[in-house]
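There are 2 protein chains.
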Amino acid sequence: MAENKTKASIIRCAKGIRDSIHKEKKPQLKFPKRSLSNVAYDEAEGYFKLKRGKVTRTLTYNTVKTFAQTLRMMALSKEAIDTDEEVTKREAYYVSKNWGEARFDEQPESDTVIEDIEALFEVNREQLGFIPEEKGGEVAGELVVMDRDRQSGKRLEIDCTKFGSGAYSIPISVEELEFRTKADFILAIETAGMFQRLHNHSFWRTANCILVSMGGVPTRACRRFVRRLAEENKMPVYAFVDGDPYGYGNIYRTLKVGSGNAAHINEFFCVPNASFLGVTPDDIEDYDLPTHPLIEVDVKRAKDLLKNDPFFKRHKPWQKAIEKMLKMGQRVEQQAFAKHGLNMVIEKYLPEKLAHPEKFLP
Amino acid sequence: MAENKTKASIIRCAKGIRDSIHKEKKPQLKFPKRSLSNVAYDEAEGYFKLKRGKVTRTLTYNTVKTFAQTLRMMALSKEAIDTDEEVTKREAYYVSKNWGEARFDEQPESDTVIEDIEALFEVNREQLGFIPEEKGGEVAGELVVMDRDRQSGKRLEIDCTKFGSGAYSIPISVEELEFRTKADFILAIETAGMFQRLHNHSFWRTANCILVSMGGVPTRACRRFVRRLAEENKMPVYAFVDGDPYGYGNIYRTLKVGSGNAAHINEFFCVPNASFLGVTPDDIEDYDLPTHPLIEVDVKRAKDLLKNDPFFKRHKPWQKAIEKMLKMGQRVEQQAFAKHGLNMVIEKYLPEKLAHPEKFLP
Numbered sequence: 000m001a002e003n004k005t006k007a008s009i010i011r012c013a014k015g016i017r018d019s020i021h022k023e024k025k026p027q028l029k030f031p032k033r034s035l036s037n038v039a040y041d042e043a044e045g046y047f048k049l050k051r052g053k054v055t056r057t058l059t060y061n062t063v064k065t066f067a068q069t070l071r072m073m074a075l076s077k078e079a080i081d082t083d084e085e086v087t088k089r090e091a092y093y094v095s096k097n098w099g100e101a102r103f104d105e106q107p108e109s110d111t112v113i114e115d116i117e118a119l120f121e122v123n124r125e126q127l128g129f130i131p132e133e134k135g136g137e138v139a140g141e142l143v144v145m146d147r148d149r150q151s152g153k154r155l156e157i158d159c160t161k162f163g164s165g166a167y168s169i170p171i172s173v174e175e176l177e178f179r180t181k182a183d184f185i186l187a188i189e190t191a192g193m194f195q196r197l198h199n200h201s202f203w204r205t206a207n208c209i210l211v212s213m214g215g216v217p218t219r220a221c222r223r224f225v226r227r228l229a230e231e232n233k234m235p236v237y238a239f240v241d242g243d244p245y246g247y248g249n250i251y252r253t254l255k256v257g258s259g260n261a262a263h264i265n266e267f268f269c270v271p272n273a274s275f276l277g278v279t280p281d282d283i284e285d286y287d288l289p290t291h292p293l294i295e296v297d298v299k300r301a302k303d304l305l306k307n308d309p310f311f312k313r314h315k316p317w318q319k320a321i322e323k324m325l326k327m328g329q330r331v332e333q334q335a336f337a338k339h340g341l342n343m344v345i346e347k348y349l350p351e352k353l354a355h356p357e358k359f360l361p
Numbered sequence: 000m001a002e003n004k005t006k007a008s009i010i011r012c013a014k015g016i017r018d019s020i021h022k023e024k025k026p027q028l029k030f031p032k033r034s035l036s037n038v039a040y041d042e043a044e045g046y047f048k049l050k051r052g053k054v055t056r057t058l059t060y061n062t063v064k065t066f067a068q069t070l071r072m073m074a075l076s077k078e079a080i081d082t083d084e085e086v087t088k089r090e091a092y093y094v095s096k097n098w099g100e101a102r103f104d105e106q107p108e109s110d111t112v113i114e115d116i117e118a119l120f121e122v123n124r125e126q127l128g129f130i131p132e133e134k135g136g137e138v139a140g141e142l143v144v145m146d147r148d149r150q151s152g153k154r155l156e157i158d159c160t161k162f163g164s165g166a167y168s169i170p171i172s173v174e175e176l177e178f179r180t181k182a183d184f185i186l187a188i189e190t191a192g193m194f195q196r197l198h199n200h201s202f203w204r205t206a207n208c209i210l211v212s213m214g215g216v217p218t219r220a221c222r223r224f225v226r227r228l229a230e231e232n233k234m235p236v237y238a239f240v241d242g243d244p245y246g247y248g249n250i251y252r253t254l255k256v257g258s259g260n261a262a263h264i265n266e267f268f269c270v271p272n273a274s275f276l277g278v279t280p281d282d283i284e285d286y287d288l289p290t291h292p293l294i295e296v297d298v299k300r301a302k303d304l305l306k307n308d309p310f311f312k313r314h315k316p317w318q319k320a321i322e323k324m325l326k327m328g329q330r331v332e333q334q335a336f337a338k339h340g341l342n343m344v345i346e347k348y349l350p351e352k353l354a355h356p357e358k359f360l361p
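These protein sequence lines map, in sequence, to chains A and B.
Per numbering that gives the first Met the number 0, residue 0 is the first one in the first sequence, and the count goes up by one each step.
Per numbering that gives the first Met the number 0, residue 0 is the first one in the second sequence, and the count goes up by one each step.
Calculated from the structure, these hints are not laboratory results.
In this text the structure is predicted, and so the values were computed from the model without any measurement.
In this text, a Cβ means the ideal position worked out from N, Cα and C, and glycines have one as well.
Heads up, a few of these hints could be off.
[Claimed, not checked] A few chain A residues facing chain B, derived, Cβ under 8 Å: (1) Thr65; (2) Phe66; (3) Val86; (4) Glu90; (5) Val143; (6) Arg147; (7) Arg149; (8) Gln150; (9) Ile157; (10) Gly165; (11) Ser168; (12) Gln195; (13) Asp297; (14) Met327; (15) Ala337.
Throw the hints in and build the complete structure from the sequences for me.
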């Protein structure tokens, strides 16, 4: 299990430090450098990846507090793994209040140390036993999730076709889940409202798919869930989000390749086989959709994507789409289909699009 | 069913307008005045309630557009009820794009018209067929939710003890759900992180309760779910939120009595029998909890609660608690118990508190 590997790494690292001290050498920790300058986009791998830049932190008079905090946090991680606990980032901060001089004054400090340790061991926070505060994502459709009762350990089968108008809420940590499905694809939806519309009409049954509601930029739990589900079942992932710079650059880009400032974990939290169903600037014309004008911040964001984002810089079709959006000066939302009838999206748009996934944006 | 009553009201109202026109009188609509000045807090009823102030809207040259929009929206509501559709507020806005001159330019305009109609018929938006965009709340524990398959109409039983580490996600509209439970109480929790901790340790089994994650200020769906569940099963609701002015004044107050600017629907969306388990200013001393200083906006909000909020003005114990918080100058979070061990909250705090619900704040 990943946890045992992580625990072994923690013990090995801690032993190294103890050995240095016994040999009267200054203990050192080597972290990958975490910044955009140390990130590469490899299309074959499919995510923003750390390059080899490293930062060395040596124990000195000036670094003693951070050094102690890092070791304390490693110990907390080991304890979490040993006791099968999940510790939220906020809880980790509060646990430190009992560490005397090594306590954190503000949570951003403890978050940074957790991120350092993630990068140090090249694992994700969940493998260290740390979980974010926010849950993420709802699921409905042709999927059985296998989990266990937390007390008895008894195996549970959770059938995501059996929740009526409700849904399965993805837990904060999804590492232990297993899946059984015969669905053809995963549809990752931006808004809870659109998810509910498709769910109310059992679109997952008609289209033999799994619906996932991302609720804006997908959380780590949601991305990890979609990634594992897609990878283990060799299943394509189609994104259905608003046609605006935020939808393209933040929601979809984060789902597909991860984010710039957390590149050390994108390997686990990206969905490289995702493609973009819509809403595209072409759809505005093809389906006569009502739009809203791009405001200044939209234009700035779109230009920034074209100029600085390694993902969009690599993909011609995306450059064309974003340039078209800028030229039209318009953005479009996934609810816009309602102009032509509430269920036009179900009866016409999605079936027509899904007939040609080869035309989706990369 | 409520829907049929709503539909009857819509038809009656529309007929009245048609009759006025046939009699060559100016058609009128009478709306309750929606502002804090027209709100009363009645402890027996338990929620912010509209007083009798009314505004009359007469069809004139100046009001013709709003008047037409109101009638169009009533027609959309009737259509939604007839076809068993749920229409998000955003979709309603887009549907209007096909109403020619009566179309809305911005969503806040269409939202206002929907709220007008809610107030006009004294129903909630969900009964009109309109639903908010956002989903709200996760549930785990000793509860079976009864729903139906949306295609076949087949009855579904959703057992909220069988979700492993995941949870049941509350749908946007909960009017049709039914419940079966032998739980002793509902624990409404502010953060997803604390919910996950209690859920991972099957606290709902130990305490024979239902856990609900509110994720901050509870959405309408979440409040309506808790309200119906509590009322139909005569079950107390205990709130477990951060000990700060936002937790008291926004999260708990909204859960219990509703909000000021939506008083026409508080009757449906409040949980009058909720009481406040913690975290209280007394808990800071009793459990030696780490705190954070109140910042200026906290102090301002707390003073505002004491001076202007009809709910807190009515309840002495709350005034004492808020005054104590101001005197200490400190706020406390529900994660703070982690200082004394990750599961202190489960093993000590909650059991000790739950032994004396009569001491909870009102």
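These are the hints, each one checked on the structure:
1. Thr65: violated, 20 Å
2. Phe66: violated, 22 Å
3. Val86: Constraint on Val86 of chain A satisfied, holds at 6 Å.
4. Glu90: holds, 4 Å
5. Val143: Since the shortest Cβ distance to chain B is 12 Å, the answer is violated.
6. Arg147: holds, 6 Å
7. Arg149: holds, 5 Å
8. Gln150: Holds - the Cβ of Gln150 of chain A comes within 8 Å of chain B, reaching about 5 Å at its closest.
9. Ile157: holds, 6 Å
10. Gly165: holds, 5 Å
11. Ser168: The hint holds - Ser168 of chain A has a Cβ within 8 Å of chain B, the shortest such distance being about 4 Å.
12. Gln195: Holds, about 5 Å.
13. Asp297: violated, 16 Å
14. Met327: violated, 17 Å
15. Ala337: holds, 4 Å
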